[in-house]
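Student: As a plain string of letters, each chain reads:
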Amino acid sequence: MATKLTRAEFHVLLALQHGTRHGYGVMQDVETMSEGRLRLGPGTLYTAIKRLAAAGLIAECEADAERRRCYRLTRKGKAVAEDEARQMSDLVRIARKRGLLPSPSGT
Amino acid sequence: MTPERFYAALMAFYPKAFRDAYGNDVLEAFHELRRTDRRPPIAFWRFVLGDLLRSVCHEQIDECMRGQRRYVLRWLAVCALGIIGTGLASSLVTRGFEYLYHPYLEGLQFAPWSYGALLGAGLGLAQIAVLRLRLRASLAWVIASAASTALGFHLAALVAGAIGPIGCGVAIGAIVGSCQWMLARTRVHRPAWPVMATAASLPVAIVLWDSLIQRALAGMNPVAIDVQARTIAGAQYGTAISVLVRGLQQPHAPADVAFEFAAMAVSGLTIGAITARQLAGGHRASQAGR
Numbered sequence: 410m411a412t413k414l415t416r417a418e419f420h421v422l423l424a425l426q427h428g429t430r431h432g433y434g435v436m437q438d439v440e441t442m443s444e445g446r447l448r449l450g451p452g453t454l455y456t457a458i459k460r461l462a463a464a465g466l467i468a469e470c471e472a473d474a475e476r477r478r479c480y481r482l483t484r485k486g487k488a489v490a491e492d493e494a495r496q497m498s499d500l501v502r503i504a505r506k507r508g509l510l511p512s513p514s515g516t
Numbered sequence: 266m267t268p269e270r271f272y273a274a275l276m277a278f279y280p281k282a283f284r285d286a287y288g289n290d291v292l293e294a295f296h297e298l299r300r301t302d303r304r305p306p307i308a309f310w311r312f313v314l315g316d317l318l319r320s321v322c323h324e325q326i327d328e329c330m331r332g333q334r335r336y337v338l339r340w341l342a343v344c345a346l347g348i349i350g351t352g353l354a355s356s357l358v359t360r361g362f363e364y365l366y367h368p369y370l371e372g373l374q375f376a377p378w379s380y381g382a383l384l385g386a387g388l389g390l391a392q393i394a395v396l397r398l399r400l401r402a403s404l405a406w407v408i409a410s411a412a413s414t415a416l417g418f419h420l421a422a423l424v425a426g427a428i429g430p431i432g433c434g435v436a437i438g439a440i441v442g443s444c445q446w447m448l449a450r451t452r453v454h455r456p457a458w459p460v461m462a463t464a465a466s467l468p469v470a471i472v473l474w475d476s477l478i479q480r481a482l483a484g485m486n487p488v489a490i491d492v493q494a495r496t497i498a499g500a501q502y503g504t505a506i507s508v509l510v511r512g513l514q515q516p517h518a519p520a521d522v523a524f525e526f527a528a529m530a531v532s533g534l535t536i537g538a539i540t541a542r543q544l545a546g547g548h549r550a551s552q553a554g555r
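Protein chains in written order, with the numbering used here: chain A, 410 to 516; chain B, 266 to 555.
For the record, the hints were derived by calculation from the structure and aren't laboratory data. Heads up, some of the hints might be wrong.
[To be verified] Stretch-level coverage of chain A by chain B, calculated; a stretch enters the list once three of its residues show a Cβ under 8 Å from a Cβ in chain B: (1) 432-439; (2) 444-453; (3) 456-470.
[As the list claims (entries may be wrong)] With a cut-off of at most 30 Å between alpha-carbon atoms, the simulated DSS-like pairs for lysine-lysine come out as follows: (4) A:459 with A:487; (5) A:413 with A:487; (6) A:487 with A:506; (7) B:281 with A:413; (8) A:506 with A:413; (9) A:459 with B:281; (10) A:459 with A:485; (11) A:485 with B:281; (12) A:459 with A:413.
[Unchecked claim] Simulated restraints on C-beta separations: (13) A:476 with B:302: 19 to 27 Å; (14) B:266 with A:498: 46 to 54 Å; (15) A:416 with B:268: 24 to 32 Å; (16) B:306 with A:510: 37 to 45 Å.
Here a beta-carbon is modelled for each residue, glycine too, at the ideal position from N, C-alpha and C.
The shape of chain A in the complex, shown without the other chains:
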């Protein structure tokens, strides 16, 4: 994917990391994962899904028992999510070094 992931898109990839989900399942997962700090509305969710699917980062899979469309992470999507997470991790490490965040040991 040439463009950077938005916050919502990254969270959708994270939600799909644990297996296939339908749209509303992703919404719930994102809210749980972020401890209520990020709530995706239906519009934002499907805008993100559309972009991710077009970039080949997620793919549709067979509909669930209630015939809702489900999505799964593709290999490319997993690689992009890992890369994004690594970049964030590097930023956190720099922020810790500069004293912006406390170190994990609390020193």
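Once you have looked at the hints, place chain B on chain A.
Tutor: Structure of chain B alone, referenced to chain A:
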């Protein structure tokens, strides 16, 4: 009306392609959210409507930035810029002449073709941004546009009193359109539409130009064109034009100048809008043919 039906009605603001692909899913997610959400109704609707507004804007912008809509937007932009550019150039010429006035220059007259050359060059330069002709062809396009407009402007000026500014525009537009078509027919898919846009936009530009020239005539008489005898009253140009002419003739405030350029931009956009659909069809066909 149920909340679902209300939400479904608001979804009409999404582009059709998005609605076709994800409309049912969005509606279903809304239904599930409404069923399980514990927030007070006002907080719920504020969240849902804010989300809808953001995603609609996102999707509409996304739709405009790609494919045929992008091409259409670019064509609209160049039509507007071409006319704004000609207006700007003419303003600079007339204002520059007033600034450089010297008694020795009394009686100096700019031939109408010089204004025509500026007008044609402005439009031609703007158009090649979309037509994407190769450099050599681009130069030829600008030169042909400038030369044909100069010729058309000069000839039309001779009979301007008889045919009026709109007649002048139509005559010049026909000359420029024919000249451009001869160049474009082998290089551009369906060249008739951009050329027709030029031909149609010129009458609008000419009316504006005529107003500018008359403004210059009121001061320094730089143009050898017998338009002094004609009035700039609303009776001749129609209500909208008379308002425009008033703004052009006596710009006492920045708002007048802003009005002048806004009017030019609207003219360009109107012309672009008339031809955009057909142009997009041509673009789609050429894409499919590749």
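Student: Does each hint hold? Answer for all of them.
Tutor: Verification of the supplied hints:
1. 432-439: Result for this restraint: holds, n = 3.
2. 444-453: holds (count 6)
3. 456-470: holds (count 3)
4. A:459 with A:487: Holds, at about 17 Å.
5. A:413 with A:487: Holds, because 14 Å separates the two Cα atoms, which is no more than 30 Å.
6. A:487 with A:506: 28 Å, holds
7. B:281 with A:413: 26 Å, holds
8. A:506 with A:413: 25 Å, holds
9. A:459 with B:281: Distance ~14 Å between residue 459 of chain A and residue 281 of chain B Cα, so the pair holds.
10. A:459 with A:485: 16 Å, holds
11. A:485 with B:281: Holds, at about 29 Å.
12. A:459 with A:413: With Cα atoms ~15 Å apart, residue 459 of chain A and residue 413 of chain A stay inside 30 Å; holds.
13. A:476 with B:302: 19 to 27 Å: 23 Å, holds
14. B:266 with A:498: 46 to 54 Å: With a Cβ separation near 49 Å, residue 266 of chain B and residue 498 of chain A satisfy 46 to 54 Å, so the hint holds.
15. A:416 with B:268: 24 to 32 Å: Holds: the Cβ-Cβ distance is about 27 Å, inside 24 to 32 Å.
16. B:306 with A:510: 37 to 45 Å: 39 Å, holds
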